[in-house]
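Engineer: The chain contents come next:
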Amino acid sequence: MLTFVRGKVLHLVPVMFAVTCFSFLLTSLLPGDAAVVMAGPNATAESVAALRSGLKLDQPLPVRYVDWLGKAVRGDLGTSPRSQTRVLESIRERLPITLELLLIAQVMGLLVAVPIGIASAYRAGGILDQAASGAAFAVLAIPGFVVAIVLIYLFAVQMDLVPATGYTPLLTNPLENLRSFFLPALTVALGEAAAYTRLLRSDMIATLQEDYIAMARAKGLPTWHILLRHALKPSSFTLLTVLGINIGRLLGGALIVETIFALPGIGRLLVEAIYARDLVVVQGVVAFVAVAFVLVNFGVDLLYAVLDPRIRHGRALA
Amino acid sequence: MAAHSPDLTTEAIIVAPAAAGVDRPPRAWHRLGASFWLSVAWLALVTLVAVAAPALHLADPNLQDLTDRGGSASPQHLLGTDGLGRDMLSRLAWGARISLTVGCASTLLGMVVGTLLGMTAGYVRGRPEGVVVATMDALLAFPALVLILAVTTFIGHDISIIVGVIGFLGIPAFARVARANTLALAQREFVLAARAMGASELRIIGLEILPNIVAPVLTFGLLVVAVAMIAEGTLAFLGLSVPPPAASWGAMVAEGRGDLDIWPQVSLIPATVFFLTIFALNLAADRLRRVVEVRESRI
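Read top to bottom, the protein sequences are chains D and R. If you're matching positions, the first sequence starts at 1332 in my numbering and goes up one per residue. If you're matching positions, the second sequence starts at 161 in my numbering and goes up one per residue.
Hints should not be assumed to be uniformly reliable.
To list a few chain D residues with every Cβ distance to chain R over 12 Å, as calculated [as the list claims (entries may be wrong)]:
hint, residue
1, Ala1545
2, Leu1582
3, Arg1608
Just a sample of chain D residues kept apart from chain R, beta carbon distances all over 12 Å, derived [claimed, not checked]:
hint, residue
4, Val1336
5, Arg1423
6, Glu1424
7, Pro1446
8, Pro1565
Computed spacing ranges between beta-carbons, pair by pair [what the hints assert, rightly or not]:
hint, chain 1, residue 1, chain 2, residue 2, range
9, D, Arg1413, R, Leu436, 37 to 43 Å
10, D, Arg1548, R, Leu276, 50 to 56 Å
11, R, Ala353, D, Gly1465, 43 to 49 Å
12, R, Leu276, D, Leu1559, 20 to 26 Å
13, R, Asp446, D, Lys1339, 55 to 61 Å
14, D, Ile1544, R, Glu349, 35 to 41 Å
15, R, Gly193, D, Leu1333, 37 to 43 Å
16, D, Pro1565, R, Leu367, 43 to 49 Å
17, D, Leu1333, R, Phe350, 43 to 49 Å
Hints in this document: simulated from the structure, not taken from any laboratory. Note that the coordinates shown come from a computational prediction; the quantities given were computed from them, not determined experimentally. Backbone N, C-alpha and C fix where the C-beta goes; we use that ideal spot for every residue, glycine too.
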């Protein structure tokens, strides 16, 4: 186990370096003068020069990288020259909203995927299985923003059940808060549910072929007991890894969903910064998201190894 | 989420080559099924309309007619008009040009570079392979949509830049598919035979390996076209793809979003076209992959 962890940590270091380096270089190596871009079209030469020295853009690249990384490690991602707020402060303010969105979406997705996945695997090739597979295939082909538009049309315009956009803080009004999260979370959850259903189904079909399942059947255990206790548990490992891998996709998804539904989360923060050409915020959020993404994947890898001994002993399931 | 934010997860498609002599069974196309050919027909139609858009004598896609906003279908406007009175059919046709150009060009870029890298890594092995694999892993470790947004903010929203960024992000996925297939192929007898006959490494890669990984790479490519089109659509939806008034499917969906309560079709028609196209691409890729995989199991 220790060897395994050490190997993973050794792998983490270059990836972290690459990811932070890349986030940093975004503002520096790409063509176009960052100061000019940020100052906007109506800037005077003086304001550009002031921005440039304020952001230390006149210093050599490696110096700036080390300076930026050193501060970033200590939790200082810079201060937005636009709003004069600290980037980390903005992130801290908005992160809970994104996390709530993703959490609700995951719960919704799993609530749909687990029963359907189990039922599909139990009668593989049956009517339910075919219908579920077809539906999953179709749902996976719908771009997120299209899902959002259709859901707004159905639930907010046609049925008038929930607000189309807007956000109510959890502490102000918990019920209204959940209502405002319903459509955005459903948008994210639909795709998740489709992916998880497919995954759980194929994994459980394989598990149900195992000898110990036949053994359990021979002992006369009830079907639900076999499905839930014997088959679901090993199959949920794969689901767990995919949950981790999905974080990146989810963050991308959150970006769109938060923009469409006007939820003030991290994704919205990034899009707003992009519209405002606020490079300091863009850089900070990109670095934060990328590092979080890498760390979550790292955590999932470790958790996976803890749960499934085959992994840490090197006999990966290829 | 449903929305596949452009994250190019690899589904490695490993295919062994058809053994010499045992050729494909007759009518391989028959086994692809009706759904495959329906998908191909839809894709062909979209491509044809996109290519022929200038010659179709459609209404000017950017001509506004504020007296006919959100109009329903009529002989002048077969699919009605959008919120600014512009012809929907014409905008869809011109939008298809952007969606398809980005989808195909960026896929081609990722495919060529990724396949070359993956094939070389899988064949040469050793240190170069380590470097390629590590670099690709690091690239995949970056949230793709965030990267696309960030890069286009800094460089610009020109179509060639969008193609470049999305294509660049496709490289790791193709490299993985190509490498996985090459690893399997490099062990096979015909490669050994070629080497025994004194073929150069370059010749082996070009004439023995490459022809055998073309099928799985192209099949995977269809999926990537869909992902790339979604990526462009998403950018366009956020208003960060090619600048307006240029029509783009994602932008059309976004433009109709404020009028969902009065003219839902303005958003829903492009949304449907977009969905059908992505669905057709996914379906075609899925069916093709099954046939390609059957070929493997027959050996």
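Engineer: Compare the structure with each hint and give your call.
Structural biologist: Evaluation of the provided hints:
At roughly 25 Å, the least C-beta separation between alanine 1545 of chain D and chain R is larger than 12 Å, which holds for a residue marked as non-interface. Distance check on leucine 1582 of chain D: its Cβ comes as close as 5 Å (rounded) to a Cβ of chain R, failing to clear the 12 Å threshold; non-interface status is violated. Its beta-carbon lying about 7 Å from the closest one in chain R, arginine 1608 of chain D breaks the requirement of being farther than 12 Å from that chain. Against the 12 Å criterion, valine 1336 of chain D stays outside the reach of chain R, whose nearest CB is about 18 Å from its own CB.
Even its closest Cβ contact with chain R, about 19 Å, leaves arginine 1423 of chain D beyond 12 Å, as expected for a residue assigned away from the interface. Non-interface status of glutamate 1424 of chain D relative to chain R is upheld: no Cβ of that chain comes within 12 Å, the nearest being about 19 Å off. Every CB of chain R is more than 12 Å from the CB of proline 1446 of chain D (nearest about 19 Å), matching its label as outside the interface. Residue-level check passed: proline 1565 of chain D sits 22 Å from the nearest beta carbon of chain R, beyond 12 Å.
Arginine 1413 of chain D and leucine 436 of chain R have their C-beta atoms about 42 Å apart, which keeps the hinted 37 to 43 Å range intact. With their beta carbons about 51 Å apart, arginine 1548 of chain D and leucine 276 of chain R fall inside the hinted range of 50 to 56 Å. Between alanine 353 of chain R and glycine 1465 of chain D, the C-beta spacing of about 45 Å keeps the proposed range 43 to 49 Å intact. At roughly 48 Å, the beta carbons of leucine 276 of chain R and leucine 1559 of chain D sit outside the given window of 20 to 26 Å.
Remark: the range hint 55 to 61 Å for aspartate 446 of chain R to lysine 1339 of chain D is contradicted by a beta-carbon distance near 34 Å. Distance hint check: the CB atoms of isoleucine 1544 of chain D and glutamate 349 of chain R are about 39 Å apart, consistent with the given range 35 to 41 Å. Distance hint check for glycine 193 of chain R and leucine 1333 of chain D: the Cβ-Cβ separation is about 52 Å, which falls outside the suggested range of 37 to 43 Å. Separation of proline 1565 of chain D from leucine 367 of chain R is about 45 Å and conforms to the stated range, judged on CB atoms against 43 to 49 Å.
Between leucine 1333 of chain D and phenylalanine 350 of chain R the C-beta distance comes to about 44 Å, which sits within the given range of 43 to 49 Å.
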